[in-house]
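Number of protein chains: 2
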Amino acid sequence: MSEKQQKLLKELYEYNREATVLSSCGAVLNWDERTYMPRGGAENRANMISLISGMVHEKQTSPRIGEIINELLIGGIDAEEDSVDAANVRELKRDYELSIKIPKSLIEELSKTITLAQGRWQEARAKSDFPAFLPWLEKVVKLKQQVAEALGYEGKPYNAMLDIYEPGATTDEIIETFERLRDELVGLLEKIKSTGKEPDTSIITRDFPVELQKKFGVKASQAIGFNYDGGRLDETAHPFCIGFGPGDTRITTRYNKNHFPGAFFGILHESGHGIYNQGLLAEHYGTPCGESISLGIHESQSRMWENMVGRSKPFWKYFFPKAQKTFPDALCNVSLDQFYFAINDVRPSLIRIESDEATYNLHILLRFEIESAFFNGDLNLKDVPFIWNENFEKYFGIKPPDDARGCLQDVHWSAGFIGYFPTYTLGNLYAAQFFAHADKEVGGLHAQFEMGDFKPLFDWLRKNIHIHGRRYRAQELVKKVTGQPLSHKPLIDYMTKKFGELYGF
Amino acid sequence: MSEKQQKLLKELYEYNREATVLSSCGAVLNWDERTYMPRGGAENRANMISLISGMVHEKQTSPRIGEIINELLIGGIDAEEDSVDAANVRELKRDYELSIKIPKSLIEELSKTITLAQGRWQEARAKSDFPAFLPWLEKVVKLKQQVAEALGYEGKPYNAMLDIYEPGATTDEIIETFERLRDELVGLLEKIKSTGKEPDTSIITRDFPVELQKKFGVKASQAIGFNYDGGRLDETAHPFCIGFGPGDTRITTRYNKNHFPGAFFGILHESGHGIYNQGLLAEHYGTPCGESISLGIHESQSRMWENMVGRSKPFWKYFFPKAQKTFPDALCNVSLDQFYFAINDVRPSLIRIESDEATYNLHILLRFEIESAFFNGDLNLKDVPFIWNENFEKYFGIKPPDDARGCLQDVHWSAGFIGYFPTYTLGNLYAAQFFAHADKEVGGLHAQFEMGDFKPLFDWLRKNIHIHGRRYRAQELVKKVTGQPLSHKPLIDYMTKKFGELYGF
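Residue numbers (my numbering), protein chains in the order written: chain A, 1 to 505; chain B, 1001 to 1505.
Rather than coming from a laboratory, the hints here were simulated on the basis of the structure. For clarity, every value in this text was computed on a predicted model and none was experimentally measured. Heads up, a few of these hints could be off.
The calculated lysine-lysine pairs, modelled on BS3-like cross-linking and capped at a C-alpha distance of 30 angstroms, are [claimed, not checked]:
#1 LYS1215/B - LYS257/A
#2 LYS1104/B - LYS10/A
#3 LYS1059/B - LYS59/A
#4 LYS1215/B - LYS214/A
#5 LYS215/A - LYS1219/B
#6 LYS10/A - LYS1059/B
#7 LYS112/A - LYS1010/B
#8 LYS1394/B - LYS1127/B
#9 LYS215/A - LYS1156/B
#10 LYS1104/B - LYS59/A
#11 LYS7/A - LYS1059/B
#12 LYS1214/B - LYS219/A
#13 LYS112/A - LYS1007/B
#14 LYS1257/B - LYS215/A
#15 LYS214/A - LYS1214/B
#16 LYS1215/B - LYS219/A
#17 LYS10/A - LYS1112/B
#18 LYS257/A - LYS1257/B
#19 LYS215/A - LYS1215/B
#20 LYS1059/B - LYS214/A
#21 LYS104/A - LYS1010/B
#22 LYS219/A - LYS1059/B
#23 LYS7/A - LYS1112/B
#24 LYS394/A - LYS325/A
#25 LYS1214/B - LYS257/A
#26 LYS7/A - LYS1104/B
#27 LYS104/A - LYS1007/B
#28 LYS219/A - LYS317/A
#29 LYS257/A - LYS1219/B
#30 LYS1007/B - LYS59/A
#31 LYS1104/B - LYS214/A
Chain B regions said to be covered by chain A (calculated; three or more residues, Cβ under 8 angstroms) [said to hold, decoys possible]:
#32 1008-1022
#33 1256-1266
Every residue gets a Cβ at the ideal spot worked out from N, C-alpha and C, and that includes glycine.
Next up, chain A with everything else stripped away, as it sits in the complex (with noise of 0.2 angstroms):
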């Protein structure tokens, strides 16, 4: 690289890094609003975040960036594709541009519009009426469609929502994917009614102390490989996972005595995101390729915790006795197997966030089925109600009684995430693909689970996914570490195995 381009590529990593230091700045905010915040420092903590965010905002839209980003391209930085310099560069483009794409009016009308929409979406479920969040729908619909005109796009329009969550991504790619998905999906169900067994949930309603919840969760979470020394949990009421940049990443749960997976699997989640944060380069902390990929990969680390390992039953020949010993007025009378059939019960039910490991992504694809649509203009959206109940009976054999629980159950149109619904199945699908790899080249992982030794996948996941970052777009790195494009039979494959042996089918 001749001095001039080392020159450039100096000043816009340092443009870069003072933004990314500036945002984990942004981070231990959030963090903390969500966590500790007296209720009373709301609005000075709104002021604080918004300050933060315009100057990051400031720094990433400086047309200097632009100008050097021009400049190294022309001076062929993109010549060697897969180094480092390279693919940062490629990523600060696009971030560039979508950050410069949007006219700022856009970003303020939306941003209003969002706000008043979240709080009329509040009350239209409340009341479970829909035609009473339809103008507001609409708006936000409107001001999205204008923001992928400003984006720009290929083929359809929704292309644009999708690439902002999953860069790279494209309907057209993933859509077969999902119809094949969603019918096995269907299938499998199906069979599992058919078998008419159902475990006993009672014993994981039974009571289980808080404090040994803690205990037992962080112990789990350690053996998987969360770091304490560069990590956290704390409690929220909306568990998530935050980075703050090398050697500190947080991650919180919400107990309830009388469930205990709701708690212990959702340490695994985050623990899953956070071992990820983890895993990226500290060296490479304030470029692209000290960041996380996409959405999609990232809840494809967190999905394979908890529900890969965390969820199986070589884990639970490890934990079970250990949860025995720690909860022994719930858990003295109870089998293994009893608890490894309750912990996976199948069932439909109307509430996404409620659902299991099964169901869970066809509740996902009737949602991206119906924003692509409505997004493209394929749906009018007063008729989304319809479309919603009557696809939701074809897939799961219920019928939503209300709007409440169903097409209004979500924040995330009102908010104006749309494209956001696929990247949780592409999570899923990421992790079973990655999962059956990793078997292959590792070997015997289900064997070495059983002896508590979680290093061997946690090793595989560092070296193959960790420490790129963003050196590599989520569909690349799955071809490239797998052999293989983005499948559905991976996931598929994993479901019937575990939940036929389960029910036997």
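Fit chain B to the supplied structure of chain A, relying on the hints for placement.
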């Protein structure tokens, strides 16, 4: 005010508001670092805090601020001496000059030197080796003398140091008060010793379960007026109070199961600071009138609630039965008088931070005399241990066995905090003078305390001190509120009465 003046003022306030909001962000980072941050986060946290500090400094030193202040003064903003705007401009002028007068190179050299000097001090204290620390003390003092020259001063150079922490205070003004106080305290201490009386302090070192100490401490702090809707209490190794702006003030403490007074009076002390912070007017946030006056005035609030209220007999007439209920094992066979005597045990001791209400100020006066002498060139630094030990014996009647428990015990000098010590005693003096006057104006504070009613004192402090922020300088405020300049008499009167009753003279 002319339209032009109004516009300038608005611009000035906007500048300062941004700097203040950014400072509040820095305060959150600081609080988190000292309470919850995992150790892995230390390095990046330092980067975050340094970035924010740099941005605050940049805003505060912008030449535009100097221009605006100049124009406002030419326009006669200071004509109405007592107006909020005039006070704000006066104080912003002071801040601006403080921040631009010291050359950047000096700030950087000082910053590097005190980091190293603190390390050397720690080593030297461990070995009680003053000569090993001496060259570093010389370096720090020399640099701080350069700071004094850069800032400018009337009279002696030490005045410049004092003015940093206690704006407007001068050595000449306080030296007379301090000398009288010293002589009276030495006499008081001799009287106490001559009685030969000693409380049974074993009753406050029994078993006080931490969770109960916490609950009891929170109740007491609520009772005196710390507002938990706009604040929190957390745990730290080194207790402190920090404000994040309107509606969010954090206090911390440290619990020792076998030492009741530590955490309890610590909580009352930090609550006193917190109550002051919570009393600053939200509408003045971002201007000097929304900030605390000085370290001395801040300390007057913490000391008043900790000692004059919390260590008073009437306070415990109300709280002791509750303490007995909370800690039945430790306190069931203890009388109020025994307990009250135990928490007011007076005895000469070597270490300042472990000393009692009566001897504390002697520790400070000793340090003030020595640091003002060496800073003004009237004492050679190598003679500090000799003077320390000689004066210590004169004031306390005991001789330090080594420098570790003598002149090497405090971090302050190695950290460049010269001129800081006197603010502790100023705090006690202000507290006594305010309290005596409040008692006169409100009437019967002690009778109110006996009933658990702290609101009249709280309200008086709000009205007379808290809401003014930096509108008046400390000396001016004391005169305005109590009708008298600062004097040693109220503190001596208070102590003579209290300890006379306790020790019987």
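Hints the structure fails to honour: Of the numbered hints given earlier, those the structure breaks are 9, 20, 22, 24, 31 and 33, listed in rising order.
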